[in-house]
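A.B. asks: Take a look at the letters that make up each chain.
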Amino acid sequence: MITVSQIAKSLKGEIVGDPDLVVSGVCELENGVEGKISFLSGPSYFRYFNTSKVSVVIVNSDFDLPANGKTLIKVGNPVYGFAQVLELFSERPESPSGIDGTAVIGRASLGRNVTIAPFAVVADDVTLGDGCYIGSGSYVGSKSVLGKNVTLHANVTLYDGVIVGDNVTVDSGTVIGADGFGWVTVEGKHRKIPQIGTVRIGNDVWIGANCTIDRGTFKDTIIGEGTKMDNLIQIGHNASIGKHCLFAAQLGVAGSTTIGDYVTIAGQVGIVDHITIGDRCVIASKTAVFNSLKPGSFVSGIPARDHKSRLRQDVIINRLPDLMKRLRALEAKVIKDRERSNGV
Amino acid sequence: MITVSQIAKSLKGEIVGDPDLVVSGVCELENGVEGKISFLSGPSYFRYFNTSKVSVVIVNSDFDLPANGKTLIKVGNPVYGFAQVLELFSERPESPSGIDGTAVIGRASLGRNVTIAPFAVVADDVTLGDGCYIGSGSYVGSKSVLGKNVTLHANVTLYDGVIVGDNVTVDSGTVIGADGFGWVTVEGKHRKIPQIGTVRIGNDVWIGANCTIDRGTFKDTIIGEGTKMDNLIQIGHNASIGKHCLFAAQLGVAGSTTIGDYVTIAGQVGIVDHITIGDRCVIASKTAVFNSLKPGSFVSGIPARDHKSRLRQDVIINRLPDLMKRLRALEAKVIKDRERSNGV
Amino acid sequence: MITVSQIAKSLKGEIVGDPDLVVSGVCELENGVEGKISFLSGPSYFRYFNTSKVSVVIVNSDFDLPANGKTLIKVGNPVYGFAQVLELFSERPESPSGIDGTAVIGRASLGRNVTIAPFAVVADDVTLGDGCYIGSGSYVGSKSVLGKNVTLHANVTLYDGVIVGDNVTVDSGTVIGADGFGWVTVEGKHRKIPQIGTVRIGNDVWIGANCTIDRGTFKDTIIGEGTKMDNLIQIGHNASIGKHCLFAAQLGVAGSTTIGDYVTIAGQVGIVDHITIGDRCVIASKTAVFNSLKPGSFVSGIPARDHKSRLRQDVIINRLPDLMKRLRALEAKVIKDRERSNGV
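Quick mapping for you: the protein sequence lines, in order, are chains A, V and P. Per the working numbering, residue 1 is the first one in the first sequence, and the count goes up by one each step. Per the working numbering, residue 1 is the first one in the second sequence, and the count goes up by one each step. Per the working numbering, residue 1 is the first one in the third sequence, and the count goes up by one each step.
Treat the hints as calculated values from the structure; they're not laboratory data. The structure displayed is predicted, hence computed values, not measured ones. Cβ atoms here follow ideal geometry from the backbone N, Cα and C, with glycine treated the same way. Careful: at least some of the hints might be erroneous.
Covered by chain V, according to a simulated footprint, are these stretches of chain A (three or more residues, beta-carbon under 8 angstroms) [claimed, not checked]: (1) 116-130; (2) 214-225.
Listed below are the simulated BS3-like cross-link pairs for lysine-lysine, each with C-alpha atoms no more than 27 angstroms apart in a straight line [unchecked claim]: (3) Lys74/V with Lys219/P; (4) Lys294/A with Lys308/A; (5) Lys143/P with Lys325/A; (6) Lys143/V with Lys325/A; (7) Lys294/A with Lys243/V; (8) Lys36/V with Lys192/P; (9) Lys228/V with Lys36/A; (10) Lys333/P with Lys325/V; (11) Lys308/V with Lys148/A; (12) Lys189/A with Lys228/A; (13) Lys189/A with Lys148/P; (14) Lys9/P with Lys12/V; (15) Lys74/V with Lys192/P; (16) Lys228/V with Lys333/V; (17) Lys192/A with Lys9/P; (18) Lys228/A with Lys243/V; (19) Lys74/P with Lys12/P; (20) Lys228/P with Lys189/A; (21) Lys228/P with Lys294/V; (22) Lys143/P with Lys219/P; (23) Lys143/V with Lys243/V; (24) Lys336/A with Lys325/A; (25) Lys336/A with Lys228/V; (26) Lys148/V with Lys243/V; (27) Lys189/V with Lys143/V; (28) Lys336/P with Lys228/V; (29) Lys325/A with Lys36/V; (30) Lys148/A with Lys189/A.
Distance ranges between label pairs, derived from CB positions [claimed, not checked]: (31) Thr276/V with Ser309/A: 23 to 33 angstroms; (32) Ser95/V with Ser5/P: 51 to 61 angstroms; (33) Thr51/A with Leu311/P: 52 to 62 angstroms; (34) Gly106/P with Lys192/A: 40 to 50 angstroms; (35) Asn113/V with Ser95/A: 27 to 37 angstroms; (36) Asp314/A with Asn50/V: 27 to 37 angstroms; (37) Asp130/A with Gly98/P: 25 to 35 angstroms.
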């Protein structure tokens with residue numbers, strides 16, 4: 001049983017309304033449920049506030065509309081507040097801990113409180129920091145070094161020599177450190193360029209499910225601290241990804257490309273090889289980036305262009321049938337004028 | 001040894017020709033082989049009918065061209081008829097059954113005739129319905145509930161608490177129930193929004209290989225009954241997919257988007273978050289859908305537009321060089337006319 | 001300790017400079033390091049040659065610029081030469097060998113020097129050629145036949161009956177032989193079309209991580225000899241891929257499409273079903289190919305068009321706002337001229 005005052009305390013929020021109200025769960029504002037808590041993230045949701053049946057709403061400190069019978073908890077960042085509330089209501093089971101008897105562990109150095117789940121393999125010369133969790137069926141290749149509190153969910157594959165920082169999470173099915181796609185064609189056959197670099201992943205990185213991050217040719221492929229990646233993302237060899245980026249699903253970054261810090265990339269974007277994306281760029285979904293981008297660029301489309309000029313262009317492209325008609329009409333008019341002036 | 005009459009009987013079809021003919025296998029109509037059976041799915045294949053060396057052809061009930069020496073089996077739906085024939089000629093091996101001694105099974109409730117293959121893990125508090133098949137190396141997270149006759153092929157990962165209906169098949173490498181991609185940025189760092197919802201999959205769903213279906217933030221991610229999904233598909237958190245949809249490979253559906261029933265989506269389509277795709281929409285391959293679609297829409301392109309107007313637009317775009325020339329010619333003409341009328 | 005003369009010997013290259021120089025490692029030309037070796041692959045890198053601090057450079061036989069204090073090794077193909085040098089400097093650990101005690105192996109035929117890693121499953125009636133390596137957690141379905149020196153890295157899944165040639169490598173997470181996406185809709189329900197064909201993979205094929213290659217309906221899906229595929233690639237059922245192709249990541253090839261030999265495809269390309277891509281075609285990244293391509297085509301864009309005309313088109317599309325302005329100006333002028341000539 002969680003009360004408004006308990007929630008407000010853990011959020012360091014200010015209560016407007018009933019502190020003793022018992023909150024039974026979380027819900028959307030739009031489809032609000034009596035007895036539950038929701039949040040108001042911004043003006044676009046104001047329209048749901050009055051009609052919502054929700055009992056408690058986390059709002060911004062400067063919220064000054066009538067509470068309309070609801071209890072409010074005022075905080076600096078309502079989304080973050082709600083994130084903390086979700087944690088309170090989570091009933092997700094604890095992961096098991098300890099080293100399962102079926103796991104195969106080579107000559108490895110294990111920190112304290114390491115969990116290795118059934119059928120996981122930790123190869124020779126691996127280092128696992130304190131609190132690491134190696135999920136079922138996951139494979140950690142030899143000479144890999146994992147920092148503290150690294151979680152590999154079930155069926156993750158790390159090839160040999162991968163370097164992972166602290167507090168990194170990797171979702172299932174992701175493959176890190178497979179050979180980069182490097183070939184040289186000799187007499188009609190593609191010969192392999194050995195990939196003797198590795199992958200280095202910074203602290204606090206999150207990598208979604210079924211991603212692929214290839215090892216470098218001789219430089220390392222880098223994922224910067226604090227960067228969060230969604231599912232099914234491909235990072236090519238020698239790529240260098242900055243810090244605190246957010247990448248949506250199905251992104252592809254080709255080899256040797258450098259991406260700056262705080263770059264936000266929407267879904268299904270493709271970025272070619274050997275270019276540089278500046279800090280704080282924003283790339284809209286489905287964009288194909290063929291050229292380097294200055295810091296702070298906001299681009300979209302195939303090929304990528306400044307998003308505003310892209311939108312203007314789209315408007316004109318939509319008017320093309322009309323433009324065609326006007327051109328035809330004008331041609332006819334000019335001919336007619338000429339005929340008239342020629343006295344035809 | 002399978003004869004025409006046996007096949008016709010199992011298809012409830014009408015024979016025109018030799019019922020005692022022995023059929024040795026299946027083949028294409030175009031590259032037909034004597035002694036084998038093929039099918040005629042529609043008028044576009046008529047051109048192959050006469051020249052094909054195939055001996056038996058499954059045709060539509062209203063087929064009235066000369067048989068040309070071939071034996072025909074007339075049915076209501078030749079593709080479905082052929083599908084049933086393929087089953088007759090399948091020599092694919094039976095999967096093993098029973099619970100392998102190596103499998104790790106927690107406090108779980110197992111129905112009758114459950115198969116658990118080597119190195120599979122079934123965590124605590126899992127329910128597996130009658131006839132479930134858990135493939136080698138697959139992982140079923142705790143509190144997950146699988147209905148009857150669910151097949152997880154090898155190396156599938158279900159996180160905790162995933163709910164699966166009856167007669168569902170999941171191909172290898174697919175990951176269901178990983179955390180949705182939800183972050184809130186606080187003082188320059190991306191903090192995780194807990195994902196305390198789950199994934200609910202309806203009856204008769206088929207999910208291809210290496211897909212990723214994320215769990216909801218607090219609502220569940222839904223896959224409706226009878227929907228079939230190809231490989232490498234991403235379904236974001238809180239998405240709600242309708243019934244009897246067909247999704248081709250590499251589709252990405254972003255978070256909180258709702259898709260109706262009987263929606264058909266071709267390959268590499270991207271659909272942004274928080275929109276609604278109406279029932280029976282058709283989306284051409286590589287389309288980027290940025291806005292909600294009315295039921296029955298047929299769209300294509302980036303950004304998505306009505307397919308017919310898109311095709312007209314493409315025609316005009318192709319004519320742009322010509323349009324440019326005509327504009328230039330007209331400009332010259334108007335200047336000339338003006339000069340002439342000015343008596344220059 | 002490796003000297004210039006040892007490297008030159010193994011490359012069959014000609015030394016210009018100091019044969020006794022000890023080489024401590026490899027580096028880029030641009031960020032060259034004293035004591036290390038790099039390479040000059042073409043004229044676009046000449047600008048780095050003089051300023052680079054690298055000590056040894058592998059150059060083309062016809063290189064005739066001043067060595068500028070560097071030692072040169074002249075070879076016919078500097079990239080291939082450098083690839084061989086990378087091998088010399090590789091410190092990647094050897095894979096273990098032998099059959100792990102935990103592996104589950106059915107009635108299978110194993111060649112000499114086969115390695116089967118922990119928790120791998122080799123089902124009944126499988127044939128593994130000499131020198132095969134089956135990685136941890138990998139699954140080889142029954143009746144599959146692998147040639148000599150096939151490497152399946154960790155967590156690869158082969159369904160039943162997959163046929164693989166010699167010297168094939170498959171990276172982790174890849175799924176080969178799952179059912180093709182074939183459905184026939186009968187009374188509102190999608191019924192499965194059995195997929196009784198398989199997948200056949202030629203010699204010297206390389207398949208990256210988390211790819212999906214579906215089995216054929218009744219013909220086999222084919223990957224031709226020497227073809228190299230990057231990560232997250234989807235090959236649909238009945239597709240036939242030629243020899244010595246190079247496919248970048250996230251390609252999708254729909255069902256029953258035929259691709260010729262020496263076809264080069266960049267990242268995130270989509271190719272629809274039932275078309276033919278001729279030999280030696282080149283397809284730029286993000287292209288959507290909706291129609292068959294003649295041999296030697298170079299296409300880009302959505303829909304795919306000849307790359308040169310696509311570029312011209314892009315230039316005109318960029319000029320559309322200008323074109324619009326000119327049209328408006330011309331309309332105004334024509335009206336004015338008419339008014340004038342009408343004496344208004």
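A.B. asks: Each hint needs a verdict: does it hold in this structure or not?
C.D. replies: Comparing the hints with the structure gives:
1. For the segment 116-130 of chain A, the stated coverage by chain V is satisfied: 3 residues place a CB nearer than 8 angstroms to a CB of that chain, which reaches the threshold of 3.
2. Coverage of the segment 214-225 of chain A by chain V is violated. Counting CB-CB distances below 8 angstroms, 0 residues qualify, and the rule asks for three or more.
3. Taken as a hint, the lysine 74/V and lysine 219/P pair is honoured in the structure, with Cα atoms around 24 angstroms apart against an allowance of 27 angstroms.
4. For the hint pairing lysine 294/A with lysine 308/A, the CA-to-CA distance comes to about 16 angstroms; that is within 27 angstroms, so the pair holds.
5. Taking the CA atoms of lysine 143/P and lysine 325/A, the gap is about 64 angstroms. The hint is violated against a cut of 27 angstroms.
6. A threshold of 27 angstroms between alpha carbons decides the hint, and for lysine 143/V with lysine 325/A the separation of about 64 angstroms lies outside it, so the pair is violated.
7. Distance check on the hinted pair: lysine 294/A and lysine 243/V sit about 45 angstroms apart at the alpha-carbon level, beyond 27 angstroms; violated.
8. A hinted pair counts as satisfied when its Cα atoms are at most 27 angstroms apart, and lysine 36/V with lysine 192/P qualifies at roughly 22 angstroms.
9. For the hint pairing lysine 228/V with lysine 36/A, the CA-to-CA distance comes to about 35 angstroms; that exceeds 27 angstroms, so the pair is violated.
10. Between the alpha carbons of lysine 333/P and lysine 325/V the distance comes to roughly 18 angstroms, so the proposed pair stays at or under 27 angstroms and holds.
11. Our distance criterion of 27 angstroms between C-alpha atoms is broken by lysine 308/V and lysine 148/A, whose separation comes to about 56 angstroms.
12. In summary, the hint linking lysine 189/A to lysine 228/A is not supported, as the alpha carbons are separated by about 38 angstroms, beyond the 27 angstroms threshold.
13. For a cut-off of 27 angstroms, the pair hint linking lysine 189/A to lysine 148/P stands: about 19 angstroms separates their Cα positions.
14. For the hint linking lysine 9/P to lysine 12/V, the alpha-carbon distance of about 74 angstroms lies beyond 27 angstroms, and the restraint is violated.
15. Restraint check: the Cα-Cα separation between lysine 74/V and lysine 192/P comes to about 20 angstroms, which is no more than 27 angstroms; the hinted pair holds.
16. Between lysine 228/V and lysine 333/V the CA atoms are separated by roughly 60 angstroms; this puts the pair beyond 27 angstroms, and the hint is violated.
17. The hinted pair formed by lysine 192/A and lysine 9/P meets the criterion: a straight-line CA distance of about 20 angstroms does not exceed 27 angstroms.
18. A C-alpha spacing of about 32 angstroms is found between lysine 228/A and lysine 243/V, which places the hinted pair above 27 angstroms, so the restraint is violated.
19. Our distance criterion of 27 angstroms between C-alpha atoms is met by lysine 74/P and lysine 12/P, whose separation comes to about 9 angstroms.
20. Between lysine 228/P and lysine 189/A the CA atoms are separated by roughly 10 angstroms; this keeps the pair inside 27 angstroms, and the hint holds.
21. Annotation: proposed proximity of lysine 228/P to lysine 294/V is violated, straight-line Cα distance about 42 angstroms (limit 27 angstroms).
22. Proposed proximity of lysine 143/P and lysine 219/P is supported: the alpha carbons are some 17 angstroms apart, at most 27 angstroms.
23. With a C-alpha separation of about 25 angstroms, the suggested pairing of lysine 143/V with lysine 243/V holds against the 27 angstroms cut-off.
24. The suggested pairing of lysine 336/A with lysine 325/A holds, with an alpha-carbon distance near 16 angstroms, which does not exceed 27 angstroms.
25. Between lysine 336/A and lysine 228/V the alpha-carbon distance is near 60 angstroms, which puts this suggested pair outside the 27 angstroms criterion.
26. A distance of roughly 19 angstroms separates the Cα atoms of lysine 148/V and lysine 243/V; the hinted pair therefore holds under the 27 angstroms criterion.
27. Taking the CA atoms of lysine 189/V and lysine 143/V, the gap is near 32 angstroms; set against the 27 angstroms cutoff, the hint is violated.
28. Taken as a hint, the lysine 336/P and lysine 228/V pair is broken in the structure, with Cα atoms around 63 angstroms apart against an allowance of 27 angstroms.
29. A distance of roughly 57 angstroms separates the Cα atoms of lysine 325/A and lysine 36/V; the hinted pair therefore is violated under the 27 angstroms criterion.
30. About 44 angstroms separates the Cα atoms of lysine 148/A and lysine 189/A, which puts this hinted pair outside 27 angstroms; it is violated.
31. Between threonine 276/V and serine 309/A the Cβ separation comes to about 29 angstroms, which falls inside the hinted range of 23 to 33 angstroms.
32. In this structure the hint that serine 95/V and serine 5/P lie 51 to 61 angstroms apart at CB holds, the actual value being about 59 angstroms.
33. Roughly 54 angstroms separates the CB atoms of threonine 51/A and leucine 311/P, a value that falls within the hinted 52 to 62 angstroms.
34. Checked against the hint of 40 to 50 angstroms, the C-beta distance between glycine 106/P and lysine 192/A comes to roughly 32 angstroms, which is inconsistent with it.
35. Between asparagine 113/V and serine 95/A the C-beta distance comes to about 30 angstroms, which sits within the given range of 27 to 37 angstroms.
36. Distance hint check: the CB atoms of aspartate 314/A and asparagine 50/V are about 50 angstroms apart, inconsistent with the given range 27 to 37 angstroms.
37. Restraint check, aspartate 130/A to glycine 98/P: a C-beta distance of roughly 33 angstroms satisfies the suggested window 25 to 35 angstroms.
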